[in-house]
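A.B. asks: The lines below spell out each chain.
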Amino acid sequence: MFVSRSMTREVITVDPEKTVFEAQELMADNRIRHLPVIDANRQLIGIVTDRDIRSAIPYNFIKDSCSAEQREAICALTVKDIMTVDPISVSPTYTIQDALLMIQNSKVGALPVVGDDGKLSGILSVRDLLRAFINVLGIGEPGTLLCILVEEKVGQLKKIVDAITEENISFGSVLVARYWDENKRAVFTYLLTQNVSRVKKKLISLGFTLLDPMEWYLDQLPKNELPPESTE
Amino acid sequence: MNKTGFLHDERYQLHLTSDYHPEVPERLTCVYRGIQEAGLLSSLIHIEASRADMKWIELVHDGRYIQRFEAACLSGKRMFDSPDNQLCYDTYETALLAAGGILDAVGRVMEGELDNAFCAVRPPGHHAEVARAMGFCYFNNVAIAARYLQNQWGIQRVGIVDFDVHHGNGTQHIFEQDPTVYYYSIHEHPSFAYPGTGREFEYGKNSGHGYTQNSTVLPGQGDDEYKRLIEKDLIPAFEKFKPEVILVSVGFDAHIDDDMSDIKLSTEGFSWIMQRIVALGRQLSKGRIISVLEGGYSLKRLPELAANHVKILLNGKI
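Protein chains in written order, with my numbering: chain A, -1 to 230; chain B, 313 to 630.
Taking lysine-lysine and the DSS-like style, the derived pairs with C-alpha atoms no more than 25 angstroms apart in a straight line are:
(1) B/Lys612 <-> A/Lys198
(2) B/Lys576 <-> A/Lys199
(3) B/Lys598 <-> B/Lys315
Chain B regions said to be covered by chain A (calculated; three or more residues, Cβ under 8 angstroms):
(4) 328 to 335
(5) 441 to 449
(6) 506 to 514
(7) 525 to 533
(8) 571 to 584
FRET-style restraints, in silico, Cβ to Cβ:
(9) A/Thr6 <-> B/Lys539: 40 to 48 angstroms
(10) A/Leu155 <-> B/Leu541: 35 to 43 angstroms
(11) A/Asn103 <-> B/Cys400: 52 to 60 angstroms
(12) A/Thr76 <-> B/Ile547: 54 to 62 angstroms
(13) A/Arg31 <-> B/Arg390: 49 to 57 angstroms
(14) B/Arg390 <-> A/Leu147: 28 to 36 angstroms
(15) B/Ser330 <-> A/Val159: 18 to 26 angstroms
(16) B/Gln468 <-> A/Thr6: 41 to 49 angstroms
It should be emphasised that the hints constitute simulated quantities derived from the structure, not laboratory data.
Glycine included, every Cβ here is placed at the ideal spot set by N, Cα and C.
If we strip away everything but chain B, and leave its shape as in the complex, we get (with noise of 0.2 angstroms):
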């Protein structure tokens, strides 16, 4: 069994969209409780949120861009940026416990106290762009942990692999011109959900050319598509560029019950998902993988596919 990290506290719970928002805070009580029935807290090694060293954020999003963040929320303000994004007072603040707890989770992974590990944090961060929030994201959470990788742990290529059923348009953008971060997503094509990029014929820019690549999937597909776009497009890539540290991007609203998405990914399917990243983590990364938290919004199916998540990285299997 791995020594698997679990990144859970209910300082997460503090932001707040208004009514009718589907990221809410009951998304990360549904994950716990997850986990919890199916047994599984006492093989994991608990992890509290701290808060990130602004110089780590820095390294991602401009500095103009984080000071409006924060006068947003202090000053009061319900939207930031795009109608999406909504928040409260303490928006600003859980965004950098988010950070900080992921950056914790890669520190131990890094140091060997943990192999691995699940960060179940809000607000997510793949659509957060260097300088705009954007699809309920504000930092982008599994970018700041790549560069952390990089500066803090001299890790020379990361691997990044994003499964919300919604393009990482941020971390793609982020990462489009270096080489040294491989950016892999899988989700709904494009023309039809949001945020309308990550195209299968956007591969990345100048030096990064050939370290972006993206399968998309029509609507109402499922787990054989899904299978059969990883066996071909990321598994032959990851080989290839062999990362040294994967991180995830674990979104949930693929799930044939989630209305976020016409996809139809069976819990069945999740697991398949993420047993192949596990194998691909232990056969080029050594086993360290650190999955955090996206989308997913389906409060009935979250517990399980939260547990089976976890399980995974517990044993590689279900």
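Chain A with its partners taken away, still in its complex shape (with noise of 0.2 angstroms):
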């Protein structure tokens, strides 16, 4: 679960140097929307996104409407003069779930991931991110979601795994989410099989209950958050 392991190596970099419109053509030629700022020595020292681009080109430029002189100012804008200065980093042996936090508080979409001698050595996006999420939930891979609920108590989740195990069902994933009953959670195993309905009865002969997944998304929602119902 480490950075290292989920970034992106290749990162496309710019040179300070080059012209706002340079870099925007950089990052759609690349469907890109982060592009870190080196210097001759790899050294990281600033990002630049298509929001900051898009905010260093006036509407009236696109619209052909502004002065000579306007235009000649904003074509001679470089990257140095619109980019984040020393942005938020992270080192490649910080983990995922410091990097999952780090762009939930710091409301950024990349993180450029810098090693001990300050050298660029990936991007981490949030692309990158959700790629590592889909593969800790198992859904790569064909399975059942089976949703059980148990008593907050020690040694649950080990008759279960126990149960399943038993079975000869291999585990995408386990996940366990609060229960609006306080004393309850709910388990989410991903099981990589079709066959569930036998371990579904074992379950339940163990005294789990099986749980609607839909009356369980419902519930756990704010009730001005519920889709609208259908009407047809």
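Join the two chains, each given in its own frame, into one complex according to the hints.
C.D. replies: In structure tokens:
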């Protein structure tokens, strides 16, 4: 779960002296939204985003309605004029959990990854984190989700895991979530099989309740966020 | 009354899974019994199993996969590619007989000897990928039938309707880049049910974009939701695509009494679906429909579901 495992290594970077329009083209060609800015020694000195570029180019420039001087000034803008200097970055030895929390707190879309020597070694974007999360959920592999309601007490998860393991079923993932009843937990097991009818019966016979996944989701949502009822 | 073929053969029971596996030979006994007890046998044209020519299997499956499958059976392995896929010495032969019987049924429909046909085969097929066995399936029967229709009978547009409660990942992947085969599937939402594919935003790829469609049904839903989605998604798509032949992947596992899913279709709901497909076939495909059994594990419900299915193929209604 380290950043070094999930980051994009082939980073597309930009030189601080390039024009804003060159940077914009670089992003469009590579379908990316963040360009780390590095110097001749590959030291990270800034980052420029598609949003920085959009803010730097006024609307009347696009509409071709600004003066010649204004046009000249905008065309002369370089990456170093608009970049964020000393951006938030992470080390390759940070964990994915660190990166998730940092991205949430700092509200950025990507984190440059910088080694101890200050050199850029990769970039970790929200897209990379999504890929890591899909991997953790195990949903890239075929399987079936079971929702099991358990009492909040020691040893419940072990009973579930044992019961499923005895059936020779592999786990894609196990997630534990809060339930509306605070003495209970909802356990979501993603099982890498189609053959779940027997294990379902077994769990029920062990005293577990299988949740109707629909009930669970709707109960957890605050009332004002309920999806509109289908009228058809 | 239509000339309806019924592919049934005791050799389809030779494929054995181990204890506690739901895909058991008795499923076919139940299917046969239901049709027999409804007094329908004499109205049907019986088709026996026959071995598929390897050239048709190879139009869908990788040659090395086919060899690996045969070797697994003949060397006495009990499992192949995943623990879901249990097999025995005869599984390979049974799978060849299933595909061959279906191709025979397809041929007879194309020659006009039959109007339509129901193929009660094992093992099922719609999860089988080009080179991977999955979800109780080895050869993708319906995919092989579609390729056969195109290569042997010059059919340009094949429509596939899959109402097994699980998404037919194999069938979708085989045809997702192919605009000559339209794959429509309605199944339990993939976030809850096996195999986790068949999401609403999967429409096919490259030149096949727009020729794959998935309707997903949330747990706990039943007849009303199926009717709504089929009218909204399947009917306009097929009216536009105009399939010359319709292949149906029939799964009875969305039934409320089938514990393989959380979908609550009633027996009447299944009849409604099949009547809608038969009507669509009359309108678009000269009535040419070949339905092929996939899942359905409630031994209690299979007799009535199979009998109703055949009745609708014969008469267009119950």
